[in-house]
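A.B. asks: Can you make the complete structure from the sequences, with help from the hints?
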Amino acid sequence: MGRVVVEVMPKPEILDPQGKAVVGALPRLGFTQFSGARQGKRFELEVDGEVTPEVLEAARQAAETLLSNPIIEDVVRVADASEESAGAVA
Amino acid sequence: MAAGTLASARIGVITFPGTLDDRDAARAVRLAGGEPVSLFHADGDLQGVDAVVLPGGFSYGDYLRAGAISRFAPAMDAVVDAARGGMPVLGICNGFQVLTEAHLLPGSMIKNDHLHFVCREQVLAVENASTAWTNRYEQGQHITIPLKNQDGQFVADERTLDELEGEGRVAFRYVGTNPNGSRRDIAGITNAACNVVGLMPHPEHAVEAGFGPEAADGTKTGVDGLGFFTSVLAALVHA
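So the protein lines, in turn, are chains A and B.
Residue 17 is where the first sequence starts when you use the working numbering, and the numbers rise one by one after that.
Residue -19 is where the second sequence starts when you use the working numbering, and the numbers rise one by one after that.
Where hints are given, some of them may not hold.
EDC-like mimics (lysine to aspartate or glutamate), calculated; alpha carbons at most 16 Å apart, straight line [said to hold, decoys possible]:
| no. | chain 1 | residue 1 | chain 2 | residue 2 |
| --- | --- | --- | --- | --- |
| 1 | A | Lys57 | A | Glu80 |
| 2 | A | Lys27 | A | Asp90 |
| 3 | A | Lys27 | A | Glu89 |
| 4 | A | Lys27 | A | Glu100 |
| 5 | A | Lys27 | B | Glu138 |
| 6 | A | Lys36 | B | Asp137 |
| 7 | A | Lys27 | B | Asp137 |
| 8 | A | Lys57 | B | Asp42 |
Computed beta-carbon distance windows for the label pairs [stated by the list, open to error]:
| no. | chain 1 | residue 1 | chain 2 | residue 2 | range |
| --- | --- | --- | --- | --- | --- |
| 9 | B | Phe52 | A | Gly35 | 23 to 29 Å |
| 10 | A | Lys57 | B | Gly66 | 32 to 38 Å |
| 11 | A | Glu70 | B | Val217 | 51 to 57 Å |
| 12 | A | Arg76 | B | Ser110 | 40 to 46 Å |
| 13 | B | Arg100 | A | Glu60 | 37 to 43 Å |
| 14 | A | Pro86 | B | Gly(-2) | 37 to 43 Å |
| 15 | A | Met17 | B | Gly13 | 55 to 61 Å |
| 16 | B | Arg139 | A | Gly56 | 50 to 56 Å |
| 17 | B | Gly41 | A | Arg44 | 28 to 34 Å |
| 18 | B | Arg163 | A | Glu80 | 20 to 26 Å |
| 19 | B | Ala109 | A | Glu100 | 54 to 60 Å |
Keep in mind the hints are simulated off the structure, nothing from the lab.
These figures come from a predicted structure and were not determined experimentally.
Ideal Cβ positions, reconstructed from N, Cα and C, are used throughout, including at glycine.
C.D. replies: Spelled out as structure tokens, the structure:
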């Protein structure tokens, strides 16, 4: 089974309230190394067959039309992730 | 439609999965003197209505982004076509979010800057009293209607904001306090033709004495939201 990963992040110029809350919480737990945090989204799109160039192109189109809102978000990655296990730590 | 046929104006209210305020919107239409028509998101037929209200709520649980999935409903294809043809469309709260996702209105809504759900009686200034949904107000009039949302922070790039200001398309601004961090205190906007209006606060919850916000003449007597619905009836008569 093939898998395409799509990653979406809030645009740099858009204040990210969720990231701000996260970076506010980190030092309270002793993680004082981090001066900023931004929170995005990762989608894992599964296909029954292989991830062909056509599948990747369809994923790019889905990323631009449904998975992100170009007013507030950027699609930062659309990639064949068939070799990665779902939700694996890189 | 012909003058003097206010009561026969048919205003559609679309229900999406997760819509909450469709019945209040229909009630507001009725109290203003129009005939509410229930429409369903999966039906691309608007049943010949004269105007459409996209009510508030949490369509599709706000999954993905508020309004993002509803935007692709068959009923929305019909609304986009009709809106481009001049039909009055009002988006309230989640309905406003759907209108921005559908690109009928610019900008977008992100989470409130303070991250909390907010529910309060909010004072607004009517900044454009010549839209299909605001013509019964005075320019600059202050009105008080409920505000309740989590993702209510209006954002757009500076160029878009300047355009909105320059073209008089800021329809409502928050007065006294900015409850969610919205750019330039913007609570609602209109399109260039002034037939499509979206705002985060809820006029449909301030249309009947006894069930509205606090007002100078008594508790819960505020009916400042009724003007949205009488405005559209007036706009239809004069169309």
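A.B. asks: What are the numbers of the hints the structure violates, in ascending order?
C.D. replies: 4, 6, 14 and 16
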